[in-house]
Amino acid sequence: MNPLAQDAEAAKSVLKTMWMIRRFEEAVEDLYGRGMMHGTMHLSIGQEAVPTGACLALNKDDYITSTHRGHGHCIAKGADIERMMAELLAKESGYCRGRGGSMHIADTTTGNLGANGIVAGGVPIATGAALSAHMRGTKQVAVCFHGDGAMGEGAWHEGVVLAAMWQLPVVFLCENNHYGMSMASEKAFNLEKLSDRAKGYGIPGVTVDGNDVQAVRDAVQEAVDRARSGGGPTFIEALTYRWRGHSKSDKNLYRTREEIEEWRTHDPIPAFEARVLQAGTLTETDLEEIRNQVRDELRSAVQRANAAPDATADGLLEAVYAS
Amino acid sequence: MNPLAQDAEAAKSVLKTMWMIRRFEEAVEDLYGRGMMHGTMHLSIGQEAVPTGACLALNKDDYITSTHRGHGHCIAKGADIERMMAELLAKESGYCRGRGGSMHIADTTTGNLGANGIVAGGVPIATGAALSAHMRGTKQVAVCFHGDGAMGEGAWHEGVVLAAMWQLPVVFLCENNHYGMSMASEKAFNLEKLSDRAKGYGIPGVTVDGNDVQAVRDAVQEAVDRARSGGGPTFIEALTYRWRGHSKSDKNLYRTREEIEEWRTHDPIPAFEARVLQAGTLTETDLEEIRNQVRDELRSAVQRANAAPDATADGLLEAVYAS
Amino acid sequence: MVDEVVEGTETKVMTYAEAIRDALRVAIAEDDRVFMMGEDVGIYGGAFGVTGELINEVGTERLRDTTISELGIVGAGVGAAITGMRPIVELQFSDFSAQAMDQIANQAAKIHFMLGGAVNVPLVIRAPGGSGTGAAAQHSQSLETWFVHIPGLKVVMPATPDDAKGLLLAALDDPNPVVVLEHKLLYKTSGDVRVGDARTPLGVAAIRREGKDLTIVATGVMVSRAMEAAEQLAAAGVDATVIDPRTLKPLDSKTILASVTATGRVLLVQEAAGTLGFMSEVAAIIAESETFAHLRAPVRRLSGLDIPIPYAPKLERAAVPQVEDIVAAATALVTEW
Amino acid sequence: MVDEVVEGTETKVMTYAEAIRDALRVAIAEDDRVFMMGEDVGIYGGAFGVTGELINEVGTERLRDTTISELGIVGAGVGAAITGMRPIVELQFSDFSAQAMDQIANQAAKIHFMLGGAVNVPLVIRAPGGSGTGAAAQHSQSLETWFVHIPGLKVVMPATPDDAKGLLLAALDDPNPVVVLEHKLLYKTSGDVRVGDARTPLGVAAIRREGKDLTIVATGVMVSRAMEAAEQLAAAGVDATVIDPRTLKPLDSKTILASVTATGRVLLVQEAAGTLGFMSEVAAIIAESETFAHLRAPVRRLSGLDIPIPYAPKLERAAVPQVEDIVAAATALVTEW
Ligand SMILES: Cc1ncc(C[n+]2csc(CCOP(=O)(O)OP(=O)(O)O)c2C)c(N)n1
Ligand SMILES: Cc1ncc(C[n+]2csc(CCOP(=O)(O)OP(=O)(O)O)c2C)c(N)n1
Ligand SMILES: [Mg+2]
Ligand SMILES: [Mg+2]
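Chains as they are written, first to last, in the working numbering: chain A, 1 to 323; chain B, 1 to 323; chain C, 1 to 337; chain D, 1 to 337.
Since the hints were derived computationally from the structure, they do not count as laboratory data. Ideal Cβ placement from N, Cα and C applies to all residues, glycine included. Fair warning: there could be bad hints in the mix.
What the hints assert, rightly or not - Heads up, incomplete: computed chain D residues facing chain A, CB under 7 Å, no partners named: (1) THR9; (2) VAL13; (3) ALA297.
Stated by the list, open to error - Short, incomplete list of chain B residues facing chain A, as computed with Cβ under 8 Å: (4) GLU153; (5) GLY154; (6) HIS157; (7) ALA164.
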């Protein structure tokens, strides 16, 4: 498939997305540290290549279901960062009017059916979205992002069983960052590759380097093409690593500093930048410009979000039911 | 392993158990038809070789968890047929004092932890019993009987995941009678062999002829030996067929008369009798004697059960909590 | 209204099961977005025969047999509902809502609110509850409490064939998740059912009978038992009002309170276990209201025993209110106070 | 008793989380059958730090990290409980009981009865509930209703560090499944805790404060809010009794009714959504009882709004009763009636 690093537009777009995810989450971390943000947060720093690569294979009206660690998915699918940030800052202008927070951001205009606070909660939902696409005859595809830990849940199993039976247009994309909170996926699942699970559902399964945006894009593209042409679901395991703790309460006792350091040397962003430079597609100046552009966009989005009015408790009762 | 058909004692025991299951369920069917039995019933006629073969590999203090179609498991593990029948007849002397009925019979004295009205409900329970055996250091093994349909449930998945992670002494024994109610397992699971699922949990999986009592015994024996010696769980698929409808409400619209007829020619009981005769282990007279003995034992058990006092509603409230 | 079926409306005698099937037929014909999925709803015709031969009319796309995966199918219903379909999920027994509770309570019920109103979840979940068939503890529960307690769900409990159809069609119109709790013992009961697309509005109680001496509020299969009891009471000179809330959430408490204010006595009858059964809420609403001052006797609940439903027929019968229990409780309320 | 910790008993100041850990330590040391399993309870120390470094004391056999499989681990607990162990299962958030509901309600709760008493299920399920941490709708529920409604379960809700320890140890002694609903906001609160194996008996309410003007019944985190409100009310001349039921099932209704009979006014305070929240049952019990005749004002419930818990701090606060709401409701009860 077309090498992203050799196409200037594609390369720019990839870098913009990956940097935006990184910078967005760094900003979240900072705001949180300064007491300006509430609740908890799950950062995907280090994992940016997975949503970025995956969403490159999708149309705007294709669906994704996301997770508690969902900022990257949301950004990669095309959401507005100001409204995302506004949500985290508990503003009325946030995607959920401050009712959902980080774990529930959705942007249906770009096909994101929502982050989910429930591990594997989005799996049967993705299957349902794919069923819906199939029944409406739209050729839309659903990509279900989920973690390695999610594969211990019955919801994961049932969602995949139904999708396989009905051969629905859905891609189960496991972001295997090696841990479900403190539980090592290696220990949890007794498997060399989580993609070995796919066989048990009679669907194709593949494992790719999740820090290689090209590898992710290619695998997802293949799966999406198959799904769109009626070939049914695919399971993809993307190997990656979360640099930060699981959430704010994490003391990182279950893994070594060396392991974290080792994985930081596999940062997906500079790795892709290096490829782009090597291919001569963009110059160091171009790269710098992208970084600056992202920084400026983000800074201004944070400022605007922060200046917006707080979510209000008016009409809470009326907001429970649609009418 | 030792051929059951060549050992007179073993052969007698196998035939006694298989005939008892068959006759017990025929009696149930008859009592039900005559309005003497209440509720619903799930008959395992045609599937007798699975519980019979499996329980031959077990010690009395090994555990089983059973299903809604559980008469065979219960009998094969050694329960008293009078108390079983009394339960179905809603008698105080029944295993559950008439509170449970067919779907909840348990006989903990022979290690049967209970039938279960919930499809796959027994799967995590079996894992827990195996965990308990492991923690108590007893070398007991748990065999979890379940249907093919149960493999669509999240409970099945989660029970197997935990057992595989902890390498517990449990055997997941799927009675694949080709249908979960009206859903063909072939259609449901997109797999040639359900045992292909085992790989996804990193545990051994095997498919055997479930109408061949020897094949079932051998496969379960191997799995039990592995479990007892610390080798962890095994998944076994035993291919068999239910002759009767799923329950009383079944009109058998989802399968053909020919299919049923074809499977009836693979009746596990005469097949084993033929082998025994061929090996010269027992004579036709011996076989006749076994059948008569079973018939007499059952008839007398039914009579005694039927004559026993009905379950009473006294103390229902006090029966909810143990003290 | 005392009489459900308005004079002049065309009706047909149907069983409760047939009425549901009729609603499915109507809804599938009139709206491309409607489909139903569940275990054995296709060729098998449903565990209780609700779908019957409907599969031959509507086909396997609109009436989908599923694997035994309650959580998965409710979740698939949620996914379909938020992407433009109007799914109905049948749970074979309402007891299996336990399997699906995350998708029901944590997803379906909350998505609209949690996402700031960005999405609706027009999902209908049908599930038969209740005892009386000898199916024992795991197949006989009345679990309306679980759903009524969760903000974001609507809950209906049809007691007649006409409501079985009308409430289901109204549930399908609603942009919110609606749990329709049917009753196994009612499937074979028959009555007049409006033909065509006849809706029973959500949130409106039915006054099944009007009387001045006491108010009986009953749900599900208890409605017909309360009506039978009311006949017996009438013969003994006690004149009872019988109210069937039909929708448990949102509850038409106005109708109930008005009646209790008028009669001064109230008997709340449910099959569910008493402790935190639905009638606890009705009792609390009455105790908190202005009606409190009009009570001539304490509120009285008549509920299923706080026990798992036993298998033995006599025990099963003893576990939930019967006509004679209602008569006795009503008589005591009227004579002792 | 007004004072929980009996004079002369040796106590130590601990947080609620430490008190639970202490109970685990005591139970694991004194009984070979006791172990706990759950997500991240080992080296991570628990999502809320409840187990802390306990793993270093008791090891990975007795404190078992599990996969993310709530239904599976509760089921494994059931299997272990019926075969001679005394398992404790920690659900990381009580919201995830939705995943495990089949094993909780259909298996654990029913097995003893359904099997005619042949087996006991001495299983303890610990689960933190409640809002106040900004975790939004799927991580903030108060779901006691689901459990209290199911016959066969016992349910406790410790409001103090001493009860967190004492009720957990008593739950472990009990031959029945007990759901222990802890509160996230309480984990870091501290108080005197009896050292050693100090039990708080199940089924006995605590009178936290005695007053003559009204009775406040409060559960979980609302107990301390009610106590704070009572102080403010006292300053304004209103003398409130505060009752903490501690065990929701079986409920010590005697203590509540006696107090309400004496004061004639009752305010029921809970964090859970009001509709069919636990206090609906308490209200119904009062409305049905002899106490009814002694009421000088209607029963008053003060509950969480019937909404999913919102993320935004102000909205989250508005969703559940605060001290000032309790003061206002109590004042209205006393002055308007
Ligand atoms: C049903 C459920 N169980 C447990 C949790 C608590 N929890 C949140 S994230 C998480 C770990 C998830 O691991 P994984 O799926 O690998 O995703 P990752 O966090 O690594 O991105 C856990 C245990 C939850 N939110 N939902
Ligand atoms: C959780 C749950 N879902 C659905 C049912 C209804 N039901 C009972 S048995 C059955 C089919 C089970 O199929 P399988 O596991 O293959 O066992 P078999 O009946 O073939 O022995 C179904 C759908 C149930 N009892 N429990
Ligand atoms: Mg992970
Ligand atoms: Mg089967």
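- Task: Tell me, in ascending order, the numbers of any earlier hints that this structure violates.
- Result: Result: hints 1, 2, 3 break, sorted rising.
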